[in-house]
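Student: Assemble the whole structure, with the sequences as input and the hints as a guide.
Same order as they appear, the protein sequences are chains A and B.
In terms of our numbering, the first sequence opens at residue 45 and continues consecutively.
In terms of our numbering, the second sequence opens at residue 16 and continues consecutively.
Certain hints may be false.
[What the hints assert, rightly or not] Label-pair restraints from in silico Cβ distances: (1) H527/B <-> L77/A: 28 to 36 Å; (2) E397/A <-> S496/B: 18 to 26 Å; (3) N398/A <-> S569/B: 37 to 45 Å; (4) K167/A <-> E605/B: 19 to 27 Å; (5) N75/A <-> A606/B: 20 to 28 Å.
[Stated by the list, open to error] If you want the footprint, here are the derived chain B segments under chain A, 3+ residues with CB under 8 Å: (6) 600–610; (7) 654–664; (8) 668–676; (9) 729–737.
[As the list claims (entries may be wrong)] Among chain B residues calculated to face chain A with C-beta under 8 Å, some are: (10) F568; (11) S569; (12) P571; (13) L574; (14) D679; (15) R726.
Hints are computed from structural coordinates only; laboratory data are not their basis.
Treat the numbers as computed from the prediction; the structure is a model and nothing was measured.
Heads up, the beta-carbon is just placed ideally off N, CA and C, and yes, glycines get one too.
Listed below are the residues making up each chain.
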Amino acid sequence: MKYGINQIIFYTFLCLTLVSCTEDVTLENPNQLTEDTFFESLQQIEAAANGSYAQLQSSGLYQRFGYILPDSFSDEMQSGGDANFITSWSFQLTPTTPQVDLYWTTCYRGIAACNFLLGGESKMRERLDGGGVDFTADDVNDAVGQGRFLRALYYFHLVRRFGGVPLIVDNDNALDIPRSEAEEVWDLIKSDLRVASANLFEKGSTEEGRATRGAALGLLGKVYLFNEQYDSAKFYLDQISGYSLLPLNEYNDNFNESGEFNDESMFEVVYTGEQDGSQWDQNGRGLGEVTWHAQEYTGWSNIIPSQKMIEEFEDDDPRLQSSVLEAGDAYGPNNSLTWGGGRVWYKFSQLYENEATMENGDTNARLLRYADVVLMKAEAELMLGNSSMAINYLNMIRDRVMLPRYGTDEMDGRGYPVDTPDQVFEALMHERMIELCAEQQRFDDLIRWNMDSREITVDDQGTNRGYNESIHRLMPIPQTEIDANANMSAADQNPGY
Amino acid sequence: MKKYLQFNRLTLRLTVMAILLTFSAGHLQAQQRTVSGKVVLEDGGAVPGASILIKGTSNGTVTDNNGNYTLKVSSGDVLIFSFIGLITQEVTVGSRSVVDVTLEEDIQSLEEVVVVGYGEQKKATLTTAVSTITGDDLNAYPVADVGQALQGRAAGVNITNNGSPGGRTLIRIRGLSTFGDGDPLVVVDGVFLEDSEDLRNVNPASIEKIDVLKDAAATAVYGSRGANGVIIVSTNKGTPGKTTLKLKTYGGIQYSNQRYDVLNTEQYIQFLREIAVQESDGAVASVISDPNFNGDGINTNWQDELFRTGVMRGADLNLSGGSDKGRYSFGVSAFDQEGIYIDTEFQRYSFNINSEGNIKNRVKIGQTLSLGHSQRVAPVVWGGREPLYNAVALPPYIPVRTADGQFGSSLDSRDGNDAINIVRVTETQDNQNLFNSIYGNVYADFQLIDGLNFRTQYGLYAFFSNQNDISRAFQTTGRASQSETFINKGRSQFLSQQITNTLTYSKDFGQHNVNVTLVQESQDKNFTNVSTFLATDLTSELEEIVNGTSESFSIPEKLFSYLGRVNYDFDEKYLLQLSLRRDKSSKFPEANQVGWFPAASVGWIVSRENFGFLSAWNISNLKVKASYGVTGNNQIGFNAFTSAIARDFFYPVDGQVRDGAFIDGGNNADLRWEEATKQNYGVEVGLFNNAVTASVDYFINSSQGLLLNDRVSSSSGILSGTIARNVGDVEVKGVELTLGYSKTKGNFQWNLWGNISTAEAQVKKLSNSTSIDQILLGNLNPPFSEQLTRLAPGLPLYHFFGYVMEGVYSTDQEVIDHLGESSLATNPGADAGIQFQAGDVRFSDINGDGVITAEDRTVIGDPNPDFTYSINFSASYKNFDISMLINGVQGVDILNANTWYLQSQDFIANFGTDVLRRWQRPGDVTDIPRFRFVGNNSNNFISTRYIEDGSFARLKNLTIGYSLNQEVLQKLFKGAVGRVRFYVQSQNLITITKYSGFDPEVEPLYGGDGIIQGIGIDRGRQPQPVTFIGGLQVEF
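Tutor: Put into structure tokens, the structure is as follows:
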């Protein structure tokens, strides 16, 4: 049986119609937006800003190692034995120590998030000019200000811990960047903060949690102190307004949950306690709005106040009660409970208002508060030769906690005369150590003052902690960076590691 | 756990259906005179199952077990006698009433065909490396999925089972040659499944055969997906003129008597008291601080509480048949397997129907369809511990339940032992997966002119997966409790649609035989997932979610391809095959979407020449072949080449958690396929009319540009720290040898078949960055904070990396003698490196620098076997038959994590009785280190302490069967039943190994992305059970 020609044509035609000719296989991403189409609305601009903060919350920074590393280096602390603390407390960090890598990586993720936001500025302004958008020039300025502030903050964390680091300001040019000089990093921080202070809203004019002009000025002043440029420090610190020291009966609001965003607070890393189970290895992604600060310092007492720290407090200093818990101390809601454990840090625990600490803590990390600004102003004035102004600022801190003023006989009697600039400096050291204890200030203060070897070398028992100022002022550059960065080699490692 | 289908009721239904079908089948017989006879071989042996067809009709029959047949015929009829491997004969009936026929063996079994992808080919003229496994072999013993049935059936095909029912079976063809997904492509009747795991819903009883394509010349027709080999499953289509109804039921038990020796109550309390004295700071204070505590007479054997004897049962029913107008096949199947752990189970129900009709003489239209439902209840991992490890660690002085019914738990917070009551876990925790699948196709085949065929096929594969995890609130007698109930549900759906158009031209020009195949194919895939979560303290009774949080995502993919293939042979003597495929895939950036995959192979059938040595040496078949080809691997995530913006970097503003946007991923516009260049050289020999067969294949697979998430400088801020790049090179070389011998003598028939394969894989290159010379993989945390496996150039894939254990320091002086005082832990001036004291594990100072540091780690084990082998033996004598399958792996290292749980001694838990001989005081000479409570315990660092030889030989299957005599059948069933066979069977009856863990067959360690992170890491998974089954097979 043979086909006729008609049937052959029919079947051939049928076959041809069945052959698909659409060869285009390119697909849209149904799950995520692309960079081309982003920054089209206020919500998107704000989301990019929010994402720039998120790294501050993660385990490399204020969920864990952001406070553990600088605090455990200092002489305020005695190790509780936990491996996450003993390594840094005894200066045994190596290029492969995980927390070093995590701290570094987290800061750079934060920088990449800021660069993403800042890289969108030209698109925002173009679309603003084009009209028909739901955001204003102020919104763009505020977003740029936040991006600059946060980028400076991340680099500030890096430059103090690692020295000169790769300077990345553009995500399209972010691979294999070599180390810069520390000087260049400081310069970028300063220029970012100047732009930020010119763009940001004042506290009260923006949403709670966002960076403000005051925070940018405060941080800028601090940066100039580190650079020993005291004129500039004074210039920017003096522009800060709208903040005040809380009265003594509200002093604990600087460290507890209910007092968040008080009049003294200038910048906080925000936690709400919400989490979706991903709190281990928290990398900013997902619902991980928790910090382990209280559990690490108080619940597990992985690190405890050193005896030296306790002895630094004057006997009648009410700040001791606010900072440290000892067996028998009253704590909890209305101080109705009695602490049964050993000596632990009280600051930033939930125990001001709760019976027990929580692993998934929701107490904000206070990165900058007005008391620090007042003490920085004192430092700037002192260094500029204005001892009396410095003493005035120190006494603002004394007045708030109702302790005797410097320059009085009573304070002279307590061993804190302020007759010479050196004596004023000793008073400043004392006041900063007490007021800002366990707030990640002490170690960097000591380095700034070149006092680190004197203060850190031995522990309470007089045993050598292994500190070597020519090595341990900086942490090692993570080995992962040296391995994977084509423009870095072992020669780029910090000295001594 | 509720049962979703009542098994017994289904079995009953199957039986009723079988009986009904039997009667209807009887009506198909025509009413004419009867002819009978016997079909035998040349040596007189009966040929059961030979097909007898009346020429020009669809009427016919099949010989019974003794080779006898009866058939209604008319005088002029011509009978066609046929059987695979025997030469078909035609006989005119004439007036005879008895027609006995002797069939001759088809010396080269020339007509055996192999499915090669987009067509079939005669096995004799094949120039590529393909192994065929018949449905009979696959169904030799019941298994949860078809992958398991492939074990030991083909050279170069390695199967690693997961002991728990319904667990993932690993299929590797010729070793691992990628760092990514090394799963072979699975094609069922021309329809692509998504991965080899999807084989679990394919009913083994519906399979006619499986062809495994191994070299590139065979797999290159699958282009970008062929690099890992291809498994082609062909389901039963029915045979014209042969109506067959098969019913198979079986049932049995599974168990494992393996247990670790752990401390009993008395020993455990004594152990706790000793370590409490040692740790005098009170860190180990616990219940034993009460000097009178004696365990109150409780001595719970937690392993016995975990293990049980499981029941396994199943039933299959298959009906097939046809005529010259068409053919059909359908089957139903049920399988139910209880795990040997409490509260673990796997059930599968499947239904398949295939049909094909001839419309006119030149058009065929047909379809295949299979529906599957399976349910798996998997073991629950709690607190990072496998069930077995909780069973080992639990204090023996805790009861499973107290007298008032409460769950026992560690006594109080000072008990120190945080192991979890495993019976409580199974009762409060559900871990259930329901998996429903559909696959099938509809096709039309047109013969345009003689030799020219066009076939168009629409293929569909879809699955719907429900994951239901519930962790209910609970209370115990001790500190363990949970006040909230957590419900996690995942709903995913996958849909793959495929259109395949094939134009085939086949023509013989004298002795020149030509076959040309052109294919155009497109595939559209989409995976969607919705997951939802709820934590509530309102109730633990309910299983559904109100006011939960949920998320969804989808992953689309497209592939568009052309393929051309030419087969040419001269007189079936000189063979040549050329093919070229072009794939275009959505997985890559637009500039790199297209890939070309060429292949060529040649062969020479020497035995068709007139060489004198052939007959002198009784060579009945001799073929040499060689092939070369390029295939690809596109197993990489969606949009891996470009970054996107993620919205889940949440941050609270004004007291409210807001969306936060950040870049997800890095950009690599150069991303392209992995390419695998494969060579194969083979020889096939048959001697003595192919009574003896042998084949040898040598292969070299060289993979270039392996897709790897290449580490980038972390200062780039890229969240994953990696960018997908084509950076790795791997080479695999190996030899496959198969040998077979078959013999028939009177009533006694037997055959022996075995294979042995090697596949030596070596990493050639890892990264474009010169300073990255290793990649550490294999996170098994807990218990190990270090990674267990490593990739490094010049070394085997996934080798183990760590310290070399030399023993246990007996005294501090031994530490000083070995490393000097500066490495003594009690010396305050201790230097860098690990500090030791008496009782600690002594490691080799590999680099000889006088301290033990991370630099002293080295390659400590290779989990890739030197070779694998299998031996199949089967024999029959009169009504009895026996078959066995031995499966073995030789020269393989296992990292035995059980050692950690039995000996680690750096936390408070129960341990193996090995710790009774631990180091306790200076001078003790032992292989078990001291109890050491402080963390970062170097005694437990990855070292040779955990590495063991995992070679084994296993009697995978032993079956003894008995078939009823034809006379008995006639008497009992009056001819309605053609064959009845009873059998008893044991799986995994004997395992010969020196390995100290439960089971040397260890499933791979997968990462969260489903990609292999390590192999040969024994982490306390359920061992393969020993199985005993009794079964019944009936053919009508």
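Student: For a quick check of understanding: which of the numbered hints are violated here, in increasing order?
Tutor: Those not satisfied come down to hint 1.
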